[in-house]
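A.B. asks: Turn these sequences into a full structure, and let the hints steer you where they fit.
So you can see what is in the structure, the chains are spelled out below.
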Amino acid sequence: MASDYSKLKKKPVGKLVIFGICSAMLYGAVFSYQGLITAYFTRGALYAVLPIATAFAFSYVHGHFAGYFWSVLGIEATKKALRTRVEEKRHIDRERPQPQPRPRLRV
Amino acid sequence: MHEMANFIDLTLWNVLYLFIVGFIGGLVSGFIGSGGAFVLTPGMMSLGVPGLVAVASNMCHKFPKALVGAIKRAKYGQVDVKLGIIFGIFAEAGVFYGAHIQERIKAAFGDAGSNLYVSVAFVVVLAVVGGMVLKDAMKTYRSGETDAEEKVTKLARWVQSVNIPGTMVFFKSLNAKVSVLFLIPLGFATGMLAATIAVGGFLGVPAMIYVLGAPSLMGSATELVVAFVMGLGGSFKYALHGLVDIRLAVIILAGSLFGIQLGAIGTTYVKPFVIKLVMGVIMVIVLFSRGLMVPVYLAQLGLIQPLSETTVKVLKSSSFAIMTFALLIGAFIVMRAMWQGRKAERQLEEMPEKAAVEQI
Chain A
1 MASDYSKLKK KPVGKLVIFG ICSAMLYGAV FSYQGLITAY FTRGALYAVL PIATAFAFSY
61 VHGHFAGYFW SVLGIEATKK ALRTRVEEKR HIDRERPQPQ PRPRLRV
Chain B
1 MHEMANFIDL TLWNVLYLFI VGFIGGLVSG FIGSGGAFVL TPGMMSLGVP GLVAVASNMC
61 HKFPKALVGA IKRAKYGQVD VKLGIIFGIF AEAGVFYGAH IQERIKAAFG DAGSNLYVSV
121 AFVVVLAVVG GMVLKDAMKT YRSGETDAEE KVTKLARWVQ SVNIPGTMVF FKSLNAKVSV
181 LFLIPLGFAT GMLAATIAVG GFLGVPAMIY VLGAPSLMGS ATELVVAFVM GLGGSFKYAL
241 HGLVDIRLAV IILAGSLFGI QLGAIGTTYV KPFVIKLVMG VIMVIVLFSR GLMVPVYLAQ
301 LGLIQPLSET TVKVLKSSSF AIMTFALLIG AFIVMRAMWQ GRKAERQLEE MPEKAAVEQI
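Just so you know, the sequences run in chain order A and B.
Number 72 in our numbering belongs to position 72 of the first sequence; there are no gaps in the numbering.
Number 96 in our numbering belongs to position 96 of the second sequence; there are no gaps in the numbering.
Don't read these hints as lab results, they were simulated from the structure.
Just to be clear, a hint being listed does not mean it is correct.
[What the hints assert, rightly or not] Coverage of chain A stretches by chain B, computed from C-beta distances (three or more under 8 angstroms per stretch; other residues unrestricted):
1) 16-22
2) 53-62
3) 67-74
[Stated by the list, open to error] Facing chain A, according to a computed beta carbon distance under 10 angstroms, are these residues of chain B, among others:
4) 10
5) 14
6) 16
7) 67
8) 72
9) 238
10) 265
The structure presented is a predicted model; accordingly, all values stated were derived computationally and were not measured.
Don't be surprised by glycine CBs; every beta carbon is placed ideally from N, CA and C.
C.D. replies: Okay, structure coming up:
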């Protein structure tokens with residue numbers, strides 16, 4: 001039972017809820033103001049930044065929500081795949097040149 | 001501002017349809033690095049979205065989806081960012097040139113001519129490349145060496161052996177230095193194909209695997225970086241003309257951001273040849289889908305006898321149904337492979353626990 005509780009504790013339920021709410025708010029905003037948004041987003045020229053920035057915003061918020069959704073359901077990559085990345089990072093850190101000690105004067 | 005008055009009214013059915021197609025397209029993209037677009041664009045058009053708006057809105061969903069997918073697969077060490085960015089820059093040039101060719105063909109031969117050009121491109125590329133990829137996947141499966149390390153092709157070994165001073169760059173996915181000059185035609189062709197049939201990855205991923213020598217997992221993952229670069233550039237181009245319907249883009253994203261991450265997770269459970277299998281199967285099935293439309297466009301151009309309205313309707317419906325089937329079968333293979341992989345992993349995890357209990 002203790003191990004079940006610890007498993008539940010590790011799942012990012014809180015983050016799922018927060019990003020879920022933010023995602024719902026974003027979608028609510030787009031569809032509540034779709035007339036106004038469409039009018040500005042299709043003006044072309046410098047207004048081209050608007051749909052691009054919106055797409056990035058959705059990718060961040062909704063992307064995190066979707067990621068935490070699968071994690072909370074327990075659908076994650078194999079441990080081997082996650083270990084590969086950790087070992088890669090350790091290898092990169094080891095390859096970095098180590099700072100040389102400064103020469104000291106002995107009086 | 002183009003065709004703004006033709007932005008469709010969204011119904012619940014439209015939204016659900018785009019969400020589901022977005023999810024399945026994302027699932028396949030997360031797995032093989034591309035796909036979904038060839039169903040999404042005609043799918044949007046079947047809802048009444050004008051062609052250019054469909055392409056523009058699809059592009060605007062493609063680059064954020066590819067970004068999320070690339071970040072996810074980078075966590076598993078599968079992405080070669082350097083290769084993706086350099087390849088993507090050349091692909092972007094190909095996209096602009098491919099779009100220019102499309103405009104010239106449309107101006108000279110009209111919609112029917114443009115559609116025939118697109119369909120012929122589909123048939124030729126999918127037949128040659130898709131057939132080769134599927135044959136390779138089946139060969140690996142039949143040999144029983146599905147766990148063995150993937151062999152680098154003779155062509156890729158030659159490419160890696162060529163040394164052109166001043167152009168050599170080390171790519172981690174290839175574990176070798178390769179001349180950037182080889183990336184120019186490959187990237188350019190990928191971009192041209194993306195501009196023509198909306199899926200550049202059908203050339204990009206096989207090019208990275210068979211010409212440059214990248215492993216299947218890394219080739220398909222790196223393609224997501226290429227798709228991000230192409231999609232971002234293409235989206236800007238369309239947004240400058242006011243063609244992006246952001247509502248469509250975010251609805252598709254609602255589903256595809258779930259799908260792409262699930263597809264990315266799925267790659268960690270399968271053997272590398274499954275990537276080639278899914279890609280090959282989808283390409284060969286879509287080949288038949290587009291092949292059915294060639295007589296329709298030939299008849300519209302007056303190159304063959306005119307076809308009856310019923311025949312045209314049957315061919316169009318069958319083509320769309322087969323295209324949707326291609327995506328569904330790809331998604332099915334991904335989900336099944338994932339299911340089996342997770343089951344095997346769970347059994348492996350339970351074995352030491354069982355042994356410990358038995359000792360007690």
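A.B. asks: State for each hint whether it applies.
C.D. replies: To see whether the hints hold, each was checked on the structure:
Beta-carbon proximity to chain B at under 8 angstroms applies to 0 residues in the segment 16-22 of chain A; the threshold of 3 is not reached and the given coverage is violated. Three residues within the 8 angstroms Cβ limit are the bar, and the segment 53-62 of chain A against chain B gives 6, so the coverage statement holds. Using a Cβ-Cβ cut-off of 8 angstroms, 3 residues of the segment 67-74 of chain A lie near chain B, which meets the minimum of three, so the contact claim holds. For residue 10 of chain B, the interface hint holds, since its Cβ comes within 10 angstroms of a Cβ in chain A; the closest pair sits about 8 angstroms apart.
Residue-level restraint check for residue 14 of chain B is violated (minimum Cβ-Cβ distance to chain A is 12 angstroms; threshold 10 angstroms). Interface restraint check for residue 16 of chain B: the shortest CB-CB distance to chain A comes to about 14 angstroms, outside 10 angstroms, so the restraint is violated. At a threshold of 10 angstroms, the smallest CB-CB gap from residue 67 of chain B to chain A is about 6 angstroms, leaving the interface hint in force. Taking 10 angstroms as the C-beta cut-off, the interface hint given for residue 72 of chain B holds, the closest approach to chain A being about 7 angstroms.
Taking 10 angstroms as the C-beta cut-off, the interface hint given for residue 238 of chain B holds, the closest approach to chain A being about 8 angstroms. Hint on residue 265 of chain B holds. Least Cβ distance to chain A is approximately 5 angstroms, under the 10 angstroms limit.
Figure legend: structure checked against the earlier numbered hints; hints not met, in rising order: 1, 5 and 6.
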